[in-house]
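Taken in order, the sequence shown gives residues 1 to 227; the numbers are from UniProt numbering.
Bear in mind the hints are in silico, worked out from the structure with no lab data behind them. Don't be surprised by glycine CBs; every beta carbon is placed ideally from N, CA and C. Worth double-checking, as some hints may not be accurate.
Label pairs and their computed distance ranges (CB to CB) [what the hints assert, rightly or not]:
id	residue 1	residue 2	range
1	Arg86	Cys54	46 to 52 Å
2	Tyr102	Leu166	19 to 25 Å
3	Val135	Arg60	50 to 56 Å
4	Leu71	Cys183	56 to 62 Å
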Amino acid sequence: MLSFKGAAALAEDAAAASTSEAAMLPGCSSAAAASREAALLPGARRPQQPQADCFLIFCRTINVVTAISALLCMVAHGMALASDGRPLADGNATCIQLLRVYGMGVAVVIMALETEWPPLLDAARLLEWWVGRAVLQGLLVVMTLEVATPSGHSDFDTSLRLYRRLAGYCMLGCASFYFVGGCLCFGMIRRARYRVHAERLRVERDLEAQEARLGELKALLASYSKE
């Protein structure tokens, strides 16, 4: 069993390790390290939770809107693919059907990119940039407005024409925003602020782990003091 002095030394080492770790973090100032050291003192209040980053929330909203627009375009291609009654022996009809399948694949890629999944972005570095995404979305817009057009003249075909026009214009709006935002370096700003946000969350988790460890050592120290 640890002695009284051994438990006290462990408690001091845990506090010192937490303080030194906070001081070694990149981008952390001495004031931030001092605040973390003060947070470990007995009776100290935990720092207030930071307010949500409005820019990151706005970017997430754009991700959701773009993913929904891509889904609408994919449905338009699927409906045009299913409603086309021309025989596959017709070479032109076969080419159109293949382009519709390709358009559905492009829509799936756009929806996957909007999840901002790091492994996917690492595999497609060009599409990490907003201008690259705008070009891909523009391709889907052209394919939706030109290829997803039904060949019939029934009420369903008329409704499908209106639907694919709506989906195409929604996607066009997203592509225009991504192009302008890419020219204004919104993508770089988002990545930088997201890295800061992720680093802050990691530091908070480390701080909570250190506080939990310090609490255990204090409880052990208190049990020795009663003996």
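Here is how each hint holds up against the structure:
| no. | hint | result |
| --- | --- | --- |
| 1 | Arg86 x Cys54: 46 to 52 Å | holds (51 Å) |
| 2 | Tyr102 x Leu166: 19 to 25 Å | holds (21 Å) |
| 3 | Val135 x Arg60: 50 to 56 Å | violated (22 Å) |
| 4 | Leu71 x Cys183: 56 to 62 Å | violated (26 Å) |
Violated hints for the displayed structure, listed by number in ascending order: 3, 4.
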